[in-house]
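Asks: Start from the sequences and build out the full structure, keeping to the hints where you can.
For the record, the sequence lines run as chains F and H.
One point on numbering: in this note's numbering, the residue at position 449 of the first sequence is 449, and numbering is uninterrupted.
One point on numbering: in this note's numbering, the residue at position 281 of the second sequence is 839, and numbering is uninterrupted.
No lab work stands behind these hints: they were computed from the structure.
Mixed in with the good hints there might be a few duds.
Cut-off 30 Å, straight-line C-alpha distance, at most; resulting in silico cross-link-like pairs (DSS-like, lysine-lysine) [unchecked claim]:
id	chain 1	residue 1	chain 2	residue 2
1	F	K43	H	K612
2	F	K151	F	K249
3	F	K151	F	K261
4	H	K685	F	K249
5	H	K615	H	K713
6	H	K604	F	K261
7	F	K521	F	K453
8	H	K604	F	K249
Each chain, letter by letter, is given below.
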Amino acid sequence: MTSTIERADAHEAPVSKPAKGGGFTGAAANYIDERTSISGVVKEFGRKIFPDHWSFMLGEVALYSFVVIILSGTFLTFFFQASMVETHYDGSFVPLKGVEMSAAMESALHISFDVRGGLLVRQIHHWAALLFIAAIGLHMLRVFFTGAFRKPRELNWVIGFLLFVLAMAEGFTGYSLPDDLLSGNGLRIIDGLIKGLPFIGTWTSFLLFGGEFPGTDIVGRFYTLHILLLPAILVAFLALHLVFVVVHKHTQFAGPGRTEKNVIGYPILPVYAAKAGGFFFLVFGVIALMAAFFTINPIWNYGPYDPSPVSAGTQPDWYIGFADGALRLIPPGLEFVWLGHTWSFNIIIPVIALVGLLALVAIYPFVESWVSGDKREHHILDRPRNAPTRTAIGAAGVTFYAGLWAAASSDLMATHFQLSIEGVIHVIQAWTVLGPFLAYFVTKRVCIALMKKDREIVLHGFESGRIVRLPGGEYIEVHEQVDDYERWKLVDYEVYEPLMLRPNSKGKITGAQRLRSRMSKWFFEDRIAPVRTQELEASHAHGHDGTHGEIEKGPGLV
Amino acid sequence: MAHDEVSGHDTAASDSSAVETTRGTTAGTTVIASDVVNPGEPPHRKRVTDVDPKANKTAQRSVYTLFYLSIAGSVFAVAAYMAFPIEDGDPTALRLNTLFIGIGIALALFGIGLAAVHWGKALMYDKEGIDERHPVRGTDATRERAVEIFEQADKESGFGRRTLIRNSLIGALVAFPLPGLVLFRGLGPQNEDPVELLSHTMWQKGSRLTLDPTGIPVKAADITIGSVFHIIPEGLNEREDRLEQKAKAAVLLMRLNPDDLNISPGREGWSYDGIVAYSKICTHVGCPVALYEQQTHHLLCPCHQSTFDVVNECEVIFGPAKRPLPQLPIEVDSEGYLVAKSDFNEPVGPSFWERP
Numbered sequence: 001m002t003s004t005i006e007r008a009d010a011h012e013a014p015v016s017k018p019a020k021g022g023g024f025t026g027a028a029a030n031y032i033d034e035r036t037s038i039s040g041v042v043k044e045f046g047r048k049i050f051p052d053h054w055s056f057m058l059g060e061v062a063l064y065s066f067v068v069i070i071l072s073g074t075f076l077t078f079f080f081q082a083s084m085v086e087t088h089y090d091g092s093f094v095p096l097k098g099v100e101m102s103a104a105m106e107s108a109l110h111i112s113f114d115v116r117g118g119l120l121v122r123q124i125h126h127w128a129a130l131l132f133i134a135a136i137g138l139h140m141l142r143v144f145f146t147g148a149f150r151k152p153r154e155l156n157w158v159i160g161f162l163l164f165v166l167a168m169a170e171g172f173t174g175y176s177l178p179d180d181l182l183s184g185n186g187l188r189i190i191d192g193l194i195k196g197l198p199f200i201g202t203w204t205s206f207l208l209f210g211g212e213f214p215g216t217d218i219v220g221r222f223y224t225l226h227i228l229l230l231p232a233i234l235v236a237f238l239a240l241h242l243v244f245v246v247v248h249k250h251t252q253f254a255g256p257g258r259t260e261k262n263v264i265g266y267p268i269l270p271v272y273a274a275k276a277g278g279f280f281f282l283v284f285g286v287i288a289l290m291a292a293f294f295t296i297n298p299i300w301n302y303g304p305y306d307p308s309p310v311s312a313g314t315q316p317d318w319y320i321g322f323a324d325g326a327l328r329l330i331p332p333g334l335e336f337v338w339l340g341h342t343w344s345f346n347i348i349i350p351v352i353a354l355v356g357l358l359a360l361v362a363i364y365p366f367v368e369s370w371v372s373g374d375k376r377e378h379h380i381l382d383r384p385r386n387a388p389t390r391t392a393i394g395a396a397g398v399t400f401y402a403g404l405w406a407a408a409s410s411d412l413m414a415t416h417f418q419l420s421i422e423g424v425i426h427v428i429q430a431w432t433v434l435g436p437f438l439a440y441f442v443t444k445r446v447c448i449a450l451m452k453k454d455r456e457i458v459l460h461g462f463e464s465g466r467i468v469r470l471p472g473g474e475y476i477e478v479h480e481q482v483d484d485y486e487r488w489k490l491v492d493y494e495v496y497e498p499l500m501l502r503p504n505s506k507g508k509i510t511g512a513q514r515l516r517s518r519m520s521k522w523f524f525e526d527r528i529a530p531v532r533t534q535e536l537e538a539s540h541a542h543g544h545d546g547t548h549g550e551i552e553k554g555p556g557l558v
Numbered sequence: 559m560a561h562d563e564v565s566g567h568d569t570a571a572s573d574s575s576a577v578e579t580t581r582g583t584t585a586g587t588t589v590i591a592s593d594v595v596n597p598g599e600p601p602h603r604k605r606v607t608d609v610d611p612k613a614n615k616t617a618q619r620s621v622y623t624l625f626y627l628s629i630a631g632s633v634f635a636v637a638a639y640m641a642f643p644i645e646d647g648d649p650t651a652l653r654l655n656t657l658f659i660g661i662g663i664a665l666a667l668f669g670i671g672l673a674a675v676h677w678g679k680a681l682m683y684d685k686e687g688i689d690e691r692h693p694v695r696g697t698d699a700t701r702e703r704a705v706e707i708f709e710q711a712d713k714e715s716g717f718g719r720r721t722l723i724r725n726s727l728i729g730a731l732v733a734f735p736l737p738g739l740v741l742f743r744g745l746g747p748q749n750e751d752p753v754e755l756l757s758h759t760m761w762q763k764g765s766r767l768t769l770d771p772t773g774i775p776v777k778a779a780d781i782t783i784g785s786v787f788h789i790i791p792e793g794l795n796e797r798e799d800r801l802e803q804k805a806k807a808a809v810l811l812m813r814l815n816p817d818d819l820n821i822s823p824g825r826e827g828w829s830y831d832g833i834v835a836y837s838k839i840c841t842h843v844g845c846p847v848a849l850y851e852q853q854t855h856h857l858l859c860p861c862h863q864s865t866f867d868v869v870n871e872c873e874v875i876f877g878p879a880k881r882p883l884p885q886l887p888i889e890v891d892s893e894g895y896l897v898a899k900s901d902f903n904e905p906v907g908p909s910f911w912e913r914p
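Replies: Written out as structure tokens, the structure reads:
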């Protein structure tokens with residue numbers, strides 16, 4: 001009995017098959033679907049719409065360079081020896097022949113000089129890593145300045161932030177693996193930094209290095225972190241990050257036809273598959289070209305790690321620069337002995353500044369949503385100018401980071417431009433402290449000016465470049481109205497009014513409420529509201545086609 | 559300055575929705591939006607490839623040519639792998655190997671990339687589509703059902719009711735990772751005292767000052783005024799823990815005019831006829847302080863630019879470091895070689911918490 005039912009079922013399934021069109025592809029698709037029900041996935045995602053904007057590619061660059069990192073890194077693991085066993089170099093690179101070094105350094109040289117294409121892959125790996133972190137940084141700036149972190153994407157912002165931190169950790173651990181002079185010096189700095197931390201410093205350093213610096217454990221340990229633990233966490237968060245992109249659907253800029261309730265763009269199949277897929281190859285191609293032409297991290301010039309020698313002008317990889325710069329910028333003399341312990345504020349303060357900066361980045365979405373009290377979902381992006389305070393805060397942050405970053409090259413600036421190192425440091429110190437305020441103020445004013453300009457264009461049109469001489473001899477420039485589609489891009493935004501301080505249901509005004517009201521005022525006091533129909537009509541009635549309005553307004557041209 | 563240029567009253571009345579604020583308060587933030595009507599999608603504009611069959615054909619040709627070019631690139635890379643051996647150790651060969659394999663791979667990748675993107679942009683149907691968005695939160699029915707499931711599970715298990723079981727479970731879950739954490743104590747040395755290790759170096763009374771890295775002992779007579787030597791203690795190179803010891807014991811030896819040196823009380827016997835020895839390990843974060851300016855007698859750390867004045871017992875005159883470089887007391891033995899009088903009188907290198 002049961003067997004007949006099964007047979008009946010078995011007969012039923014193939015019936016649908018021929019409808020899909022025969023051939024091998026159809027048969028294969030059917031075979032797979034009957035075992036995975038993958039057709040549901042295709043139905044769900046195959047025609048999913050993604051909006052188009054150049055800035056949305058930054059995250060893609062990060063993703064694709066990460067794929068390149070995994071591919072090239074896997075190749076490298078087949079040759080690299082994560083061991084600090086002492087050995088004498090006996091490879092093809094003549095100047096280092098016979099030099100005592102660790103197996104890690106020796107295998108890194110082996111990859112570079114004795115494996116065909118090995119140097120290319122090493123350089124692909126390193127360039128891709130530098131690009132990866134740069135792309136993440138730019139992607140974060142894009143998300144920040146367009147307000148893409150707002151509800152419902154706050155958590156995805158935090159996940160992205162963690163990816164950024166993980167990427168830097170991956171970079172640093174990878175940089176340290178070849179055990180060359182430069183990376184060893186980097187580790188020495190990290191060791192000194194850790195030792196300077198109160199309470200935990202000394203023991204943390206001994207746990208990390210397995211005893212006294214440099215010891216013989218650190219390369220092996222960093223290798224485990226670099227190729228196992230950190231990538232596993234990174235891939236997990238990356239997957240989650242992308243899942244959320246699908247769940248939320250991508251944000252879009254304001255435009256005709258676009259609303260908070262739709263998303264307009266091209267479908268995954270076929271257009272996005274072609275464009276995004278092709279873009280992966282382009283990113284990979286650029287990295288391959290850089291690796292073919294430009295040397296990166298020539299460890300053979302540095303030699304193996306030795307605590308005694310060091311070359312002038314040592315530089316960390318770019319993404320660690322801000323940390324190194326923070327150490328350089330701290331004013332002299334900030335170390336005290338108190339209660340029988342050494343308080344290294346020349347280390348504690350930079351560490352607090354760095355951690356504080358990162359923490360602010362992580363929590364910003366929650367701060368802004370608390371201030372605005374806005375609990376709605378936002379899928380239309382802000383143009384940076386339309387959120388002046390946020391944009392100004394971002395500019396201040398970028399300026400602060402830039403100061404720290406520049407400081408990491410203070411010695412190179414001094415030697416290149418023949419300046420005194422003291423002078424360079426003092427200028428960057430001033431920049432790092434005062435620059436953010438200046439950047440904040442200038443950016444906010446520029447944003448508001450741009451909003452005013454937009455408003456002006458909506459109400460009175462844009463300068464057409466056409467000069468007309470009136471019968472009276474007066475010259476005017478004709479202003480033309482923007483069309484409906486262009487206008488919509490300029491008016492589709494929102495501004496908030498500062499929060500009114502009112503007592504809560506118990507009739508009290510709490511401290512938190514007071515703070516919120518003050519911050520709300522700071523955020524939203526200065527604003528330019530979007531143009532409304534009434535004003536638009538008034539402006540048109542006034543000038544009837546815009547030209548007249550300008551005649552009346554056009555001063556000083558007589 | 560730019561304070562609300564539109565009168566807030568009529569806007570707030572007609573369109574803006576008061577945004578709900580934090581729970582329990584009535585105060586709301588007013589949103590001002592435009593009431594201009596969304597004009598809808600603009601009419602679709604055709605591309606050149608849509609209207610001009612010739613352009614269409616050209617685009618098509620470009621796409622497949624690029625794909626073929628990619629194949630050529632791949633073949634080229636494989637050929638380059640074989641054509642440019644590096645085994646004879648010639649640097650030029652290595653450069654060519656890297657360069658041509660790289661160019662081949664890049665060509666293969668660019669071919670695919672450009673072709674696919676061009677195909678997508680110029681030939682594929684380019685009318686934009688629209689997806690509806692739905693609120694991210696689950697529907698009310700789904701949420702109710704979820705709550706129901708949790709309540710049912712709670713009822714069936716007694717999780718909320720049997721507090722003793724629940725609390726003991728939480729306790730057990732908190733406790734069980736502890737052994738795992740404790741195991742990581744093994745990352746550090748078990749029977750060593752970090753403070754003790756950091757407080758002493760290899761130097762002891764009578765150990766000769768030898769050149770870094772050769773280990774050849776130096777005589778006081780060899781050190782001319784104005785010269786600088788990188789020094790390690792004798793026997794360092796034979797030690798198993800060579801790098802750990804070197805990271806503490808590395809020393810810079812300089813000879814100045816004895817009259818130039820300002821020697822503080824208690825350190826009179828630490829130098830020999832203008833020859834002074836200072837720890838090479840920076841008191842900031844431990845980089846080697848390797849740059850000596852002969853004219854100014856300044857030592858500069860290349861990592862964070864801490865600058866030490868040798869004339870004044872290496873006190874810090876610039877940079878993030880606070881403490882002077884520790885001085886190694888030296889003397890001359892019966893054969894004229896420079897030897898240490900004792901170990902450093904304080905821990906060398908970066909500061910640490912337990913440092914007195």
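Asks: Run every hint past the structure and note whether it holds.
Replies: Here is what the structure says about each hint:
no., hint, in the structure
1, F/K43 <-> H/K612, "35 Å, violated"
2, F/K151 <-> F/K249, "12 Å, holds"
3, F/K151 <-> F/K261, "14 Å, holds"
4, H/K685 <-> F/K249, "19 Å, holds"
5, H/K615 <-> H/K713, "70 Å, violated"
6, H/K604 <-> F/K261, "27 Å, holds"
7, F/K521 <-> F/K453, "23 Å, holds"
8, H/K604 <-> F/K249, "27 Å, holds"
Consistency note: the structure conflicts with the earlier hints numbered 1 and 5.
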